[in-house]
Amino acid sequence: MEGLVYFSSATGNTRRFVERLGERRARPALRILGGPLSATAPFVLICPSYGDGEGRGSVPKPVIRFLNDPANRALLRGVIGAGNRNFGHLFAHAGGVVAEKCGVPLLYRFELAGTGTDIDRVDKGLEEFWTRLRERA
Amino acid sequence: MNIAHPSQRAALKAVNWNRIQDDKDLEVWNRLTSNFWLPEKVPLSNDIASWATLRPAERQLTIRVFTGLTLLDTIQSAVGAPALMPDAETPHEEAVLANIAFMEAVHARSYSSIFSTLCLTAEVDEAFRWSEENPHLQQKARLILDEYQATSDPLRRKVASVFLESFLFYSGFYLPMWWSSRARLTNTADLIRLIIRDEAVHGYYIGYKYQKAVERLPEEKRKELKDFAFALLFDLYEIEALYAAELYDEVGLTEDVKAFLHYNANKALMNLGYEALFPATATNVNPAILASLSPGADENHDFFSGSGSSYVIGKAVATEDEDWEF
Ligand SMILES: Cc1cc2nc3c(=O)[nH]c(=O)nc-3n(C[C@H](O)[C@H](O)[C@H](O)COP(=O)(O)O)c2cc1C
Ligand SMILES: [Fe+2]
Ligand SMILES: [Fe+2]
Chain L
1 MEGLVYFSSA TGNTRRFVER LGERRARPAL RILGGPLSAT APFVLICPSY GDGEGRGSVP
61 KPVIRFLNDP ANRALLRGVI GAGNRNFGHL FAHAGGVVAE KCGVPLLYRF ELAGTGTDID
121 RVDKGLEEFW TRLRERA
Chain R
1 MNIAHPSQRA ALKAVNWNRI QDDKDLEVWN RLTSNFWLPE KVPLSNDIAS WATLRPAERQ
61 LTIRVFTGLT LLDTIQSAVG APALMPDAET PHEEAVLANI AFMEAVHARS YSSIFSTLCL
121 TAEVDEAFRW SEENPHLQQK ARLILDEYQA TSDPLRRKVA SVFLESFLFY SGFYLPMWWS
181 SRARLTNTAD LIRLIIRDEA VHGYYIGYKY QKAVERLPEE KRKELKDFAF ALLFDLYEIE
241 ALYAAELYDE VGLTEDVKAF LHYNANKALM NLGYEALFPA TATNVNPAIL ASLSPGADEN
301 HDFFSGSGSS YVIGKAVATE DEDWEF
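Chains as they are written, first to last, in the numbering used here: chain L, 1 to 137; chain R, 1 to 326.
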């Protein structure tokens, strides 16, 4: 089964989302903490937004460092953006930035730690996404 | 800064921003200061023509909603944020709270800018009187103020504060988002969006400090606080439902407002580190309101929600960040 890599800061919203999702998935997700980290299989990244008012710096630094490694980038297949709609047009902006920069699809966006509906959609969506990629390969 | 026991002659400590104990303090300080704005920045007078198209009852509703919001901002500026200062764990946290207290004063002030631009003095005076006499508005403000009292538990104060920042404002914020979705009062909505963005950071930060303190508590105390938080939310919700009905029944929007309240109650709980309370069936927020909250954010349809027909690659986003190496 393919992987999930995520970043979550001390507020832990994304972590709580991934943990609840993880109750339904066989493989544990990999957390970006800041130190060196190497993905070993194709993965989807879940990334919260931390930008300024213009959207600069939206992608957390540890995520940038992780993606600066070409080997990790080569395994990235899609992104899920986290954030808060209160940030207006910059809602889940980091997801869009990574998608554009790495040329992968933005699969979904959710707010804070996500709702039950978000978990259902991501669980089902990931299943279909990986099936589709395998069929294409 | 604790000045409670000056007789002990503990050294008074100056805040040193080059020695950070908690990275969130600096991160949030940076975001809040870069967000700084004043109502003069928004061309409110462009809404004069739009205001004239509102029916008298719609105008009265709008002014009343804004006086209700003014009251909450006044409380948070004068009492709420200052009340959290003695509980601060770092000198930087005190500085962030000072910023929050000041921005709340800017928020409260900006409603008066809207009034002086669009409304007649008599209408506004009537609405301020209404806000002082409205039992639901007064009651919710009281519930929060009771928790801010010096005798209350520091963590209960944080819970009350997060509920004010992340829940109580939304019965009011709904209306300018609704007007904006109908292409009315769009400049006013731009100003309200600046406030909504600030409130997100406030709720996030106070909720973060709460979570951090709760982590260190024994299980029993943690449970007690969680019970308190949910009970307070229920009490506030009951009042909010009545407040919303009183304001919005006449324009037929009460049910729509309630879905928005449920959705925001869930977000307030998440800021405290708790799970959502209201189920999906109760949080079906009108998509026009969501689009109004984050205009343009839905142009890149994402795939899992079924709103797009194919996987879309994000577009037109700023990536100027020197840390990227590719
Ligand atoms: C300083 C700061 C800036 C933020 N900027 C954005 C933003 O631009 N867009 C957005 O959707 N959310 C933004 N957020 C909200 C976070 O992305 C959101 O709370 C997320 O759940 C955090 O995830 P974490 O708790 O796993 O770190 C910001 C939060 C903070 C504190
Ligand atoms: Fe405010
Ligand atoms: Fe606030």
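For the record, the hints were derived by calculation from the structure and aren't laboratory data.
Note that beta-carbon positions come from the ideal geometry of N, C-alpha and C, so glycine has one too.
Any given hint could turn out to be false.
Unchecked claim - Which stretches of chain R does chain L cover? Using the computed rule of at least three CB atoms under 8 angstroms from a CB of chain L, they are:
| no. | segment |
| --- | --- |
| 1 | 69-75 |
| 2 | 183-197 |
| 3 | 206-217 |
| 4 | 269-278 |
- Task: Quick one: which hint numbers does this structure break? Sort them smallest to largest.
- Result: 1
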